[in-house]
Amino acid sequence: ETGVTQTPRHLVMGMTNKKSLKCEQHLGHNAMYWYKQSAKKPLELMFVYNFKEQTENNSVPSRFSPECPNSSHLFLHLHTLQPEDSALYLCASSQDRSNGYTFGSGTRLTVV
Amino acid sequence: AQKVTQAQTEISVVEKEDVTLDCVYETRDTTYYLFWYKQPPSGELVFLIRRNSFDEQNEISGRYSWNFQKSTSSFNFTITASQVVDSAVYFCALSGNNNDMRFGAGTRLTVKP
Chain A
1 ETGVTQTPRH LVMGMTNKKS LKCEQHLGHN AMYWYKQSAK KPLELMFVYN FKEQTENNSV
61 PSRFSPECPN SSHLFLHLHT LQPEDSALYL CASSQDRSNG YTFGSGTRLT VV
Chain B
113 AQKVTQAQTE ISVVEKEDVT LDCVYETRDT TYYLFWYKQP PSGELVFLIR RNSFDEQNEI
173 SGRYSWNFQK STSSFNFTIT ASQVVDSAVY FCALSGNNND MRFGAGTRLT VKP
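If you're matching them up, the sequences are chains A and B in order.
According to this note's numbering, the first sequence holds residues 1 to 112 in order.
According to this note's numbering, the second sequence holds residues 113 to 225 in order.
The set of hints was computed from the structure by calculation and includes no laboratory data.
Wrong hints could be hidden among the right ones.
What the hints assert, rightly or not - Below 30 Å or equal to it, Euclidean Cα-Cα: the simulated DSBU-like pairs (lysine-lysine) are:
no., chain 1, residue 1, chain 2, residue 2
1, A, K40, B, K182
2, A, K52, A, K19
3, A, K41, B, K182
4, B, K182, B, K115
5, A, K52, B, K150
6, B, K224, B, K128
7, B, K128, B, K150
8, A, K18, A, K41
9, B, K150, A, K22
10, A, K40, B, K128
11, A, K40, B, K115
12, A, K22, A, K40
13, A, K40, B, K224
14, B, K115, B, K150
15, A, K19, A, K40
16, B, K150, A, K41
17, B, K182, B, K150
18, A, K52, B, K115
19, B, K150, A, K40
20, A, K41, B, K224
21, A, K41, A, K19
22, B, K115, A, K41
Pulled out of the complex, with its shape left as it was, chain B reads as follows:
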């Protein structure tokens, strides 16, 4: 069975602080894909990043960075110098052999000015 756990339900930071959103996953598949999505108040889930299970290189995109560690089954997401526009619900997700994506419960990030 596949499972994604986002232990942090809500996080509140002040603008310009760095913040890390945690994601831990479980799967028996040897090949799988991990994702992060952002859900702003408008509702739609916006794709942020995809990682396959064979690529453990960390990635940086502007203020966003991702740390994939297979040894701990974690795929954490860090926002550097957070901004008010980063306020949203962030979902971690896992896609395995059956093509269905399983989502974590989401972390609500509030960035205060």
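Looking at chain A on its own, in the form it has when it is part of the complex:
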């Protein structure tokens, strides 16, 4: 248990489905992040939230919609995804840049 919990661990969805990924941390961190990790590609930063406010959106397609209702919870809502969106989605949190990030175990998403 790393302190950052992601659910579900695995998800298979059709291209017309709507699903949500959940991330939860009780480390008292103020910032939360979504990363995408595709096979043989670097980790891609998708969204950043600081104190519940979105501070960065790295040109992510609108079929990915983040939500941060409070500083402990972060969601990634998915709809009409494409097969190329299949990847490991990692959530992370941090208190500040000097301490680095604490990562969850990720959700492995397969779009069929």
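Let chain A serve as the given structure and place chain B on it in line with the hints.
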């Protein structure tokens, strides 16, 4: 712009060999932090070490050691007497003024028995 380069995509060694994973970074920030993370097959990234830009002392932790050289913008990671359990993907990362962490592409290390 910040950038982290891990030129070695994959490395394969035999158990008990020493192995060094290279990391080169670029940043215009005067204060920054460097990290190494390990990603085992289970998926989560496990924090290994943090270094701030003002501390160039090398560090040793058991079989792990890190060599930070500002002059060459490098932060290399050496595993001594490697073990099968060291097999994983290792990421180098940089955090600058904007608090966002940028990762290298990762190096997949395979340690064979």
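Under the constraints set out in the numbered hints, which ones does this structure not fulfil? none
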